[in-house]
Amino acid sequence: MKKVFLYVMIFFTSCSTPIGGAKKVEDIKPQEKPSIETTEAGLWMQMNNYEEKLKTSGSRLKDKNLEKYLKNILCNLTFEYCKDIRVYVQDIPYFNAFMAPNGMMVVWTGLLLRAQNEAQLAAVIGHESGHYIKRHSLKSWLDAKARTDLMVLLSIGIGVGGVPAGGNIFNITQLLQAGFMAKHSRDNEREADKIGLDFLIKSGYDPREAPKIWQNIIKEMELGEVDKPLAFLASHPAPEERIANLKKQTEGYENIKNKKNMKELKGKIQQHLHKWIKNEIRLNNKLEQTEFVLDKTFEGTGDEYLFNFYRGEVYRLKGDIDDNYEKAIDYYNKSIKEKNDFPDVYRELGLLQLKNKENDKAKKNFKKYLEIAKNPKDASIIQSYIN
Amino acid sequence: MSRLLVIFLFFFIFSCSSFNTEPKYTISVFDKNSPKILLMPIDIEICELTLAGMCEPNAVWTKNSEENIIISFKEVLNRRNAVLKKYNINEKNDNIIQLIKLHTQIGQEIINNEYGPFELPTKKEFNWSIGKKVKLLKNKYKSDYAIFIYFRDQYSSTERFIYNIVTAVLFPGIIPIGGSQLAFGSLVNLNNGEITWFNGYYRSFGDVRDLENARDTVNKLFEEFPG
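One line per chain: the protein sequences are A and B, in this order.
Count the first sequence with the working numbering and you get residues 1 to 387, in order.
Count the second sequence with the working numbering and you get residues 1001 to 1227, in order.
Hints were generated in silico from the structure; no laboratory data involved.
By construction, the Cβ of each residue, glycine as well, lies at the ideal position given by its N, Cα and C atoms.
Just so you know, not all the hints are guaranteed correct.
[Said to hold, decoys possible] Among the chain B residues that face chain A by a calculated CB cut under 8 Å, a handful are:
#1 1045
#2 1056
#3 1059
#4 1060
#5 1063
#6 1064
#7 1098
#8 1102
Build the full structure now, drawing on both the sequences and the hints.
Below you can see the structure in the form of structure tokens.
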């Protein structure tokens, strides 16, 4: 019996991908396509099908201009690969971006909301392009294949030989497996970080913005007391280590005044801002976390009235517990003090006052709303409250 | 040892579970002679199971299988005196692409509801539809019906195949999963979007990578096709 087992082991180890074999994968060249008989072509085929579906998916943000803007950033960063990578925006309110092996890059709106300027966004886009150039999907696949094959062989081995401690064989092998995978994935991330940063510097962006986006997301996680790392960070290097690495690499650029293009980015997302912030608030994260996101969204924009309006919205949407509504009204009033012709704040303020049975005050604010809003869709409802 | 192997093989052959579904239909003959049937792009992915059971998509197998299915289906139609119309694979009309996605979704629902564990208690008749937007196809391709085919298939790698045998010998009772095939097809009336005929199956044998076997598979799937 043991002899048979030995033969089987020899057979398996001779025909399965050797561990570490994936490291031989070379960078993809501009406009290179995998030949059809390769593993890579299979991965591309699958992702091409996925991409076709994503194109008409309801979750794709219907804003061709914004996608074009992201594509322009990409092309400025990675000139040679401009034709090979397509950028899509998915309307999902979490911090995430990913790169498929076939050149499909997806950025979620939660990330666009959090990027404070174009340089930070370019840092992410450059990083994702690094994954494409370095063929990380293919490497991860080949590696996962080799690791899981090894796990199976170990399972047979331990199953036949027995485990001295009598533990569960699958636990041990899976633990080993998880360790390998995480390390491999972290190496890929470091590599992509470095490429992203090189692109950033070459294209004239302020490289010091790269660590900032990670610093912000860590701070946010701490405030939200998020145990599970966010999707984007799950397999990434420990954020602290990543920031230290990025900072170290940017040291030489301390005195260079490079572009950040804050206004451009904010202008491009302006029309979505209200919906994205509403979606962010609806995630019902811890108050401190949502406030931090708002704080960072409006930092340096000078839009204090919007910042205060949305802080009011956070409290209003938390519902009528504690003194949430009073706090909301305070923030709305602060917003009006900053800017007295922003219609939405008068409507929300009026609606809360109506709930508090302060009818006269409410009517006054509704009137103001109808006066300054240009043909709002809800005009007749608001009018009915006045009457 | 040899006795063990015999027992194993016996067990292996009989553990190949499969279910062929009965076709569901609202018509058994076409409502006109020599109807034109538009073959929609086949939703197909063929993969190879690695030793550990990961499903590695295989572009060559997928391409060959797709070609084989198209040839075999054309033969099915020839025998039934129906005319095959080709779909333009560079179709850019989003509404048409949405129809293909919708069919995949509804096909899965039909399998769950008509054959599977989620039968709707009040739905007694077979009356499914992908909606009146199919007229877009009728007008553009001058066809009477459209046929949608969905195909997923897995084949064990050599390593996986041997592993299955070894595992069954060493650890009786644990059966690693081999390859399995899920296929369904539906005939949609392009006047109103109704699914007039549907069949699907799930099984752990069959092969579409070579034409001969693909013919058997397609003939089986369209055994009781109208016409």
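Structure-based check of all given hints:
1. 1045: Hint holds; residue 1045(B) Cβ to chain A Cβ min 6 Å, cut 8 Å.
2. 1056: Since the shortest Cβ distance to chain A is 6 Å, the answer is holds.
3. 1059: The hint holds - residue 1059(B) has a Cβ within 8 Å of chain A, the shortest such distance being about 4 Å.
4. 1060: With Cβ-Cβ at 5 Å, under 8 Å, it holds.
5. 1063: It holds, given that the least Cβ distance between residue 1063(B) and chain A is near 7 Å, below 8 Å.
6. 1064: Violated, about 10 Å.
7. 1098: holds (6 Å)
8. 1102: It is violated, given that the least Cβ distance between residue 1102(B) and chain A is near 11 Å, above 8 Å.
In the structure shown, a violation is registered for the earlier hints numbered 6 and 8, in ascending order.
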